[in-house]
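Here the protein sequences come in this chain order: A and B. Just so we're aligned: the first sequence equals residues 3 to 384 in my numbering. Just so we're aligned: the second sequence equals residues 4 to 276 in my numbering.
No wet-lab data here; the hints were simulated from the structure. Hints are supplied without guarantee of correctness; some may be wrong.
Unchecked claim - One side only, chain B facing chain A, incomplete, derived with CB under 8 Å: (1) Asp161; (2) Ser163; (3) Leu164; (4) Glu166; (5) Gln169; (6) Leu171; (7) Pro174; (8) Val182; (9) Asp268.
We treat Cβ as the ideally placed atom computed from N, Cα and C, and that holds for glycine.
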Amino acid sequence: MAKKPIGPVRRDFAPWDDPQARPYIEFRNVTKTFGDFIAVDDLSLKIYEREFFALLGGSGCGKTTMMRMLAGFETPNAGEIFLDGQNLAGVPPYKRPVNMMFQSYALFPHMSVEANVAFGLKQEGMPKAEIGERVEEMLKLVKLQDFARRKPHQLSGGQRQRVALARSLAKKPKVLLLDEPLGALDRKLREETQFELTDLQYELGMTFLIVTHDQEEAMTMADRIAVMDKGRIVQIATPAEIYELPNSRFVADFIGDINLMECKLTAREGDVSSLHAPVFGCDIKISQAVDANIGDTVWFAIRPEKVRISFEEPESRVNALKGEVWDIAYLGDVSIYHTHIANEETVRATVANRSRVVERPMSWDDEVWLSWDADAGVVLTR
Amino acid sequence: MRQGPSWFNVTSLVLGFAFLYLPIVLLVVYSFNESRLVTVWGGFSTRWYAGLLDNQQLLDAAWVTARVAFFSATIATVFGTLAAMVLARSGRFLGRTLFSGMVYAPLVMPEVILGLSLLLLFVAVDQARGFWTIIIAHTTFAMCYVAVVVQSRLAGFDRSLEEAAQDLGCPPFRTFFAVTLPIILPGVVAGWMLAFTLSLDDLVIASFTTGPEATTLPMKIYSQVRLGVTPEINAVCTILVGLVTVVVVFASIITRRQEAARARDMRQAEAQL
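Let the sequences and hints guide you as you build the complete structure.
Structure, rendered in C-alpha cells:
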C-alpha cells in the first residue's frame, strides 16, 4: 500500500514501512515494575538502523526506564530486548555496545575534558596514540579543541553538554542514548543544538534514541516519535503524522494545541463521514472513513491554525460555527482567538499576523464565524 | 542602626575562651620553664626539649604510638569506607538496621566497656596482647568515625557518574577506583586523619588491650604524671599540640585555596558565555 506522505519527508528514509526491514533495536513484550508501580507495561517496539527515534511522554510514563533497560541499568521483569540481533539479557552495562548521554551530563569532575572523552577508549584498551587522535577528532566535532585541558567546572553549561556528547560518541557506539539532552540549556542554545544533533546523527550514520518530555525537541529532531503514557506506547509515527493524524485524544492533547468536540457519527459514505456536535450545535463533514458505527460517540479534533475566523458568514453551514470573541492572545507572530460558542464552549483559532495593519481588526465581543475545510480536522474514536 | 557587641557578650566570650585555652597556654608556657618545679617560674629555657631527645623510653613510646595510629587509621579507613558504601548504596536489605546500629555503636559506647570487652575477647581466644591488639582495638572504634565522615560525602555523590563509567565500558570494581574513590577522597582522607588523631590520644582502650612490650605515648605520659608532673611532660604535650595545630591549619588553608580557585574558575566560565 503506497502511503501518501504527510508533512516534510526526510531523505526518503522509512524502513518502518518496509516489512522486510530488520529492526536494529527490538523490545519484545517488555515489562518493568518497581514495587507496585508498573513503569513499562508489556511493551513492544522496533527501532531501525540509522533512525533518530524519540520516546516522548510526561514524567513517570516509563520513557526513561526504557532507555535505562537498553543501557543495562535496569533489568526487565519480563520480555526481551534485542540489539542488532543479540539478546541483551544478562549483558552488563559495561559490555553493551550502546553509550548514553546523561541528563546531568555526569562528567567526571576530577578529570580534564580530554580525560573525560578518553575514558571509554581507555577501557577498551585502545593504544595511546590512537586515543589521542580520536579525542582530538571528537573535540573538533563538538568545537571544543581549545578546552581540552579544562576541568568540567571551568566550562559553561553548553560546553559541558558538548563534552558529554563527545564522550558518549567517542567509542562510536552502535546506538547513542540521549536522556533529555537539552533540558539544561537555555532556549537559544537549545534550538542551535537541536540542529547540530540532527546533522551529527546524519553524518555519523548512528542510531539515536532520545528520551524527552519536550514535544518541540522530539518534533524537530526525530524521524519517528513514540508517545508514551502509563508504561505503554500510545502512538508511533513520524512527527507530522503524530501532529496531523493523532490516533487518540491523549496524543492530540499532548502534542500541540487542539480543539476537541464530542460528536455523534451520523452518516458514512465512502471516504466521507458526517458528524453532529450537539454541544456546539454544528454539523461536520470530513473526508475520512471513520472506523465506528453510526450513532457512536466520537471526537472531532482540529488544530487552531486550521480554523478560519472571519466576519463574513460562510456559504455553507456545514463545518462552520458562530461565536463571540472572548479573549485574544497576541503572541507577535500569531494571535490566538478564544471564541465562545453556545454553552460557554471555547474554540481557539490561530491567525498569522501577516501585516501590521488590518482594515477591520477583530476585537473582544465581536460576532465572528469560524469555519474549516473538510480535510483540516481528524476524527478520533478513543 | 549599628550596635557593637554588648558588655555581656564580650565577657562571656572571653571567659569561654579562657576556660578552653588557658590550661593549654599554661602548659606551653611552663614547658619553657627553667625550673624543675612545675608551678614556679625560673626563667626561659629549652632544656626540657633537648632532654626529650635523651629520654629513650619516651621516644620509644612516641614511635609505638605513631605506628599504631598509622596502621589502625589505615585499616579503619578501608573498613569504614566499605561500611559507608554499603549504608549509602545498598538501600534496604535484611538486617540493615542492625548493621547500621552496630557500625555506629562505638560512637556512643563508653570506652571502658569497649576496652574491657576487647580484653575479654583477646583473653578468650588466647591472643598475646601487645602492639597488634592495640591496632585491632583502635581499628574497631575508629572505623565508625570514618564511616560517618565518608557516608556524608557519599550522600552528595551523583550516582550517574558511576553509571556513566560503566556505560563507557568500565567494570564496577574498576569504576570504584577510577571514579568513586577520587571523588570521595576528601572524605576518606578526613576520615583517616580523624582516625589517626583518635588513636594518637587514646589512653583507655590502649591500656586495656596492650601487653608488656607495647606502651603508647598517652600511657607513658599518664604513668609519669602519676609520679608527678615534670616539665618534660609539658614539653611533649606542647609538641603534640603544635603538631595538631599545624596539621589543622594546613588542611584548612588547602581547602580554602581549592574552593577559591574553583569559584574563580566558575566565574570565568560564566563570563565566557
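Worksheet entry | Hints not upheld, ascending by number | Every hint satisfied by this model.
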